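Student: From just these sequences and the hints, can you work out the full model?
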Amino acid sequence: MDEAGGWLWLLMNVGFVVVLAAALIWGTMRWRRRRTDAAARAERDRATLKSYRESDQNTAR
1 MDEAGGWLWL
11 LMNVGFVVVL
21 AAALIWGTMR
31 WRRRRTDAAA
41 RAERDRATLK
51 SYRESDQNTA
61 R
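According to my numbering, the sequence shown is numbered sequentially starting from 1.
Label pairs and their computed distance ranges (CB to CB): (1) Leu8 - Arg53: 50 to 58 Å; (2) Arg34 - Asp56: 26 to 34 Å; (3) Gln57 - Arg34: 30 to 38 Å.
Keep in mind that the hints were calculated from the coordinates and are not lab data. Small disclaimer: the values here were computed from a predicted structure and weren't measured. Each residue gets a CB set at the ideal place from its N, CA and C atoms; glycine is no exception.
Tutor: Shown next as structure tokens:
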């Protein structure tokens with residue numbers, strides 16, 4: 001019974017790592033292939049610029 005517990009522990013740990021790696025790879029590929037239109041890109045760039053400017057104002061003391 002002790003031997004089966006060791007194998008089960010190994011299977012669970014290796015299986016968890018494999019599932020986690022597969023999920024990370026799948027999510028990364030989905031994120032890289034996302035589609036954005038011109039309006040979404042412009043909104044993203046505007047929000048980024050606003051965030052940078054607000055950060056500069058907070059640190060310029």
